[in-house]
Amino acid sequence: MDHNTLSSLLTVLVIALVTLLTRLLPFLVFGGRKEPPAIILYLGRVLPCAIMGMLVVYCLRSISPAAAPYGLPELMAVAAAVGLHVWKRSTLLSIAVSTVLYMVLVQAVF
Amino acid sequence: MNKRAIKAAFPLTIPVMAGYLVLGMGFGLLLQRNGYSFLWAGLMSLTIYAGSMQYVAVDLLSGGASLISSALMTLMINARHLFYGLSMLEKYRKVKGAKKAYLIHALTDETYSLVCSAQPPEGVDSGAFYFWISFLDQCYWILGSILGGLLGQVIPFDTTGVDFAMTALFVVIFTEQWLTHKNHLPALIGLGVSFICLLLFGPDSFIIPSMVAIALLLTLLRHRTEEEEAA
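Chains W and R supply the protein sequences, listed in that same order. If you number the first sequence the way our numbering does, the last residue is 434 and the count never jumps. If you number the second sequence the way our numbering does, the last residue is 250 and the count never jumps.
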């Protein structure tokens with residue numbers, strides 16, 4: 325096993341353990357009928373929307389607006405995903421169409 | 020008894036089957052394109068089993084992210100699971116031992132939405148019923164991701180740009196949340212704070228400052244946010 329395989333395995337292990345921890349913690353802490361604090365319940369309601377916004381920025385972080393193609397393929401594909409989703413509300417359709425559009429844009433247009 | 024539980028559980032999981040097969044394939048394909056075979060896809064879907072996290076994990080693996088930043092990223096993206104658990108405390112209270120451990124491991128967004136709303140039919144053990152919903156869902160996810168990895172090896176056409184699937188996934192979830200929530204302040208904070216941090220810290224190190232700033236700002240703005248929720 326080379327070094328890369330080992331460090332990849334470790335990364336997968338860490339992600340798996342932390343994911344399990346986020347799922348297990350409520351059962352460990354509040355398994356005995358304690359009411360969770362209000363601030364925890366509040367963050368539980370609002371964090372998912374905020375983190376999703378952060379992930380959108382994360383995905384688009386490498387765009388350089390100063391150099392060709394100025395992030396245009398990303399911009400157009402994101403607009404297509406949002407527009408299609410507002411219109412049809414079908415997650416799979418929105419993802420599939422915008423991804424294919426992006427592939428066509430980067431392979432054949434820009 | 021198990022047979023009746025499967026019979027009751029399977030029809031409920033059909034919508035998830037479609038979604039998990041397709042999104043799982045997207046994940047497997049992406050992972051394969053980054054140099055990790057279908058075996059890795061299968062391993063990750065078995066042990067991590069969290070959709071959006073696994074898409075981000077492709078990035079973390081191929082970019083050689085440190086264990087600490089991988090752990091922090093996982094914590095933030097999966098923080099919502101903490102709250103799924105809170106609302107499942109009652110439903111899973113009677114389930115014991117290994118079955119309960121598995122139910123907790125398998126509590127993804129989609130499985131959560133199923134077990135949250137589904138009631139076991141008369142005479143069907145609730146633990147077995149929840150187990151089969153959770154287990155079937157994970158089977159679809161594993162199957163999809165392995166198929167995607169295999170497909171990536173034999174696919175003859177140019178797959179440049181297929182990694183946009185991950186961006187599309189998050190954009191679509193973001194849009195869906197925007198449409199279902201009346202209060203847009205948290206979503207705007209997430210977008211705005213991350214964008215400012217991206218400008219300040221650059222693309223390689225803006226995530227952790229963003230996470231801290233988002234959590235802080237949401238806590239500080241709690242009263243305003245809750246007023247808007249109530250309005």
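Treat the hints loosely; a few may be bogus.
[Claimed, not checked] Once the Cα atoms are required to be at most 20 Å apart in a straight line, the calculated EDC-like pairs of lysine to aspartate or glutamate come out as:
#1 R/Lys119 / R/Glu109
#2 R/Lys201 / R/Asp144
#3 R/Lys113 / R/Asp144
#4 R/Lys22 / R/Glu109
#5 R/Lys26 / R/Glu109
#6 R/Lys118 / R/Asp128
#7 R/Lys110 / W/Glu359
#8 R/Lys113 / W/Glu359
#9 W/Lys412 / R/Glu109
None of these hints come from the bench; they were simulated from the model.
Now the hints, each set against the structure:
1. R/Lys119 / R/Glu109: 12 Å, holds
2. R/Lys201 / R/Asp144: Distance ~38 Å between R/Lys201 and R/Asp144 Cα, so the pair is violated.
3. R/Lys113 / R/Asp144: 10 Å, holds
4. R/Lys22 / R/Glu109: Cα-Cα ~25 Å, so violated.
5. R/Lys26 / R/Glu109: 24 Å, violated
6. R/Lys118 / R/Asp128: 19 Å, holds
7. R/Lys110 / W/Glu359: 16 Å, holds
8. R/Lys113 / W/Glu359: 19 Å, holds
9. W/Lys412 / R/Glu109: Violated: W/Lys412 and R/Glu109 sit about 35 Å apart, past 20 Å.
The structure fails hints 2, 4, 5 and 9 (numbered hints given earlier, in ascending order).
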